[in-house]
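Novice: We have chain A already, so just place chain B on it with the hints.
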Amino acid sequence: MNDIRNSNPDGEDYEPQVSVTSTDAVGLAAGGSAAPLPGEDKSYSQGQLVARRFFRHRGALTAMIVLGIVIIVAFTSIGIGPIPGWWSKDYTLQYDKIGDGAPTWAYPFGQDTGGKDYFALVMRGTQFSIIIAFAVGILSTVVGTVIGALAGFYRGWLESVLMRMTDVFIVIPLLAVAAVLGRMAGESGIWGLAFVLGLVTWTSLARLVRGEVLSLRERDFVLAAQAVGTSAWRIITRHVLPNAIGVIIVSATLSISTAILLETSLSFLGFGVQAPDTSLGTLINEYQSAFATRPWLFWWPGLMILTIALCVNFIGDGLRDAFDPRQNRSKD
Amino acid sequence: MLKFILRRIGASALVLLGASLLMFFLTINSGDPLKDLRESNDPNAAQLMAERSERLRLDDSPWERYWDWLSGVGGCFTGNCDLGVTINGIDVLGLTQQAASSTLRLITLSTLLAIVVGVALGILTAIRQYSGFDYSVTFSAFLFFSLPVFWAATLLKEFAAIQYNNWIAVGQYAPWTIVIVAVLAGFLLQAVLGGSTRRRLATAAGVFAFVTVMLFVFNALDWWRNPMFGIGGVLLVSVAAGVLVTALTAGLGNRRVLYAALTTAVVGVIAYWFTAPLLVDEPTWLLLIGLFVVAVVVSVAIGAAWGGYARKQAMLVTGITGVITSFVVVADILIAHWSGFLGIKSRPISTIGSQTPNFDGEFWERVLDMGTQILLPTILLTLVSVATHSRYTRSSMLETLNQDYVRTARSKGLSEREVIVKHAFRNALIPITTIVAFDFAALIGGAIITEEVFGWKGMGALFQDGLNAVDPAPVMAFFLVTGIAAVLMNLLADIAYAALDPRIRR
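Protein chains in written order, with the numbering used here: chain A, 1 to 332; chain B, 1001 to 1506.
Chain A extracted, bound-state conformation (with noise of 0.2 Å):
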């Protein structure tokens, strides 16, 4: 992504066009001559412009070092699989209860019912949920960018075909097909419901790839390259996709948001993560009647699930913001 100009083999006499992400404001703000920044004479790549504005949206920078906290806690804690974290206390085992298992510095997120480390079990479900959501996120933008640029660019019956199966997709009710596939799926860990859940996120992204390539296959630079005989292979993997990148990485990280909500309300519905994994819907689900009793066990997780969806859905508008910056500039 850093360098989209560069993996162009068409040259600088293409660049205005190229390095457009759908819009001529970013085409004018990419081009060389004018300077992208009053006052400084050095040029950037598109990548670096997309990273300076993306590193001037606070918001979304916060949300980055949020996220990035909150994976980093998560994983080494109570460590991946074999090896361990630093977390002195394991989620299977059942300790003293101090009191009635309210937080205290020993055990700072409370402890349940039956006296295991409350902390301990929300980052294991954590991991679940954001492990599932990262592999949903890959898995339905591949899946929608191939589908969708295949129909924007070939036209005829293959995008008839492939439009009407979205359209399947999107009259089904999102949870109720993925509560179905889930069931399916749900005895298979956590591996088989990312997959599942893959499967039938991708739409808005294919519609959203296919308008995106519809408009770019009919630009100069790919007639161009029809003309001297490129293959359709290679006009799609290097001239088309990489221009419509920034629309592909807003929707994946808002597919990663909408896999988290999904995989969680599944959990919670007991359609999704089976025991003995967990994730932090069914957490939610198993202690959502102690909410009376003990406050802690009910709050921690939802927090959780809310922290990292904010900031995913903060970092996809920074990100928004990023490769299209039309929005920013009305205020003249």
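If you're looking for bench data, these hints aren't it; they were derived computationally from the structure. You can trust all of the hints, since none of them are fake.
Okay, derived cross-link-like pairs now, SDA-like style, lysine to any residue, Cα gap no bigger than 25 Å in a straight line:
no., chain 1, residue 1, chain 2, residue 2
1, B, LYS1422, B, GLY1308
2, B, LYS1312, B, VAL1297
3, B, LYS1003, A, VAL161
4, B, LYS1157, A, THR307
5, A, LYS116, B, THR1154
6, A, LYS89, A, VAL70
7, B, LYS1457, A, GLN288
8, B, LYS1003, A, ASP167
9, B, LYS1157, A, SER289
10, B, LYS1457, B, LEU1104
11, B, LYS1457, A, SER289
12, B, LYS1157, A, GLN288
Not everything, but these chain B residues come out facing chain A in the computed CB check (under 7 Å):
no., residue
13, VAL1015
14, GLY1018
15, ALA1019
16, LEU1026
17, THR1027
18, SER1030
19, PHE1142
20, SER1146
21, PRO1148
22, ILE1444
23, ILE1449
24, THR1482
25, GLY1483
26, ALA1486
Remember, predicted model here, so these are calculated numbers, not experimental data. Every residue, glycine too, gets a C-beta built ideally from N, C-alpha and C.
Specialist: Just chain B now, kept in the frame of chain A:
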């Protein structure tokens, strides 16, 4: 236009057919419907198993079972619907009718509310881009669509329902609560209205004083337990609504339209005065709907009569004013019944069910009961959708506000209202319609969860129980209702799209 709609309906039917096939096969393959019997030690297990296989036609091929279901659904067109039976032999059609009415009520209400609030917020934030108001709405929007619905539902049950019920038993605001509420209201309104620092301060102070006085008066009248509104209040609110609608669409300078709107409001209130005996005692839904239709027709007629050169605009304004007046009338009747309702149900918002079982009250008290039951799930679903709608409206508005034709409109000296309402907003509506239709499907998903948390026996429960038992008939009934609702919503959006953008009509 008709051809366009027919083509869309044809395509939607095909898509629905494909989706039903997919859903059916996924459902019957999602598990073993005989699992509980296989594991049971019941001596009759074998017989029960045979019975259930017979009922679900497990020995037939999946295609035959699908065809059986499909032809049953096809029967709906000829008047004898057959949606199959559940795993326990209960007729699914009856179950579906019950469930669908409560679920669709919830979803429709949330959608309408979300559209109104979300679009309004979106426009306001776009106009006041980068203000404190914009930032707080943006942050709240992100917060709400990152919110796990099932988690928020439990919070809402605790903090909105139980705390409110405790509070309404007394029904008095503490003085410091009044001050906090008034400060918040003043702060919010100055942020929305904007202007110079002096104007902002004046707005905030005015709102603060008004809210404080009103709340103390309400306390003194014991208004929260014995609320009343009265026909004077109805008149006041309807006239205000008429003026506001005129100001937003036609501008107050257009006297014809303004007078038409005022006439509508006054006629509406007079009509209320005469029909009050009919309305207040024991009306039927049919009567209410009939009166509503009459009200709308009369309002539009008033617009047509007053309109003159601005007939179309006047009709629109009077139509909207008429609808608002009708709602205010209903609100007035409901408010008048509140204290009686409190007498029957001392903790008005219960957290389980779509209506109180064995509730014994008059018509309006039953309506109030349904209203208080639907309140929390609606708030929840609306919040999530408002977040999406406001964000999309905002970005769509910002996009159109940057267009050349908006600059042209400004430079030829149109008022800011005309620029925003006529030039920017109309064009911004085009992408918004698509999002609303899409969001409808997401709302159904949210409804499944909300119904589970709030213990509604709706489509969500039908789906969940069916899926748990690997029982295709209820799952397919769920799909049928939600699928058709989603397709209808998309169709509406398409028609709105074509109406807004003539280029689409091919």
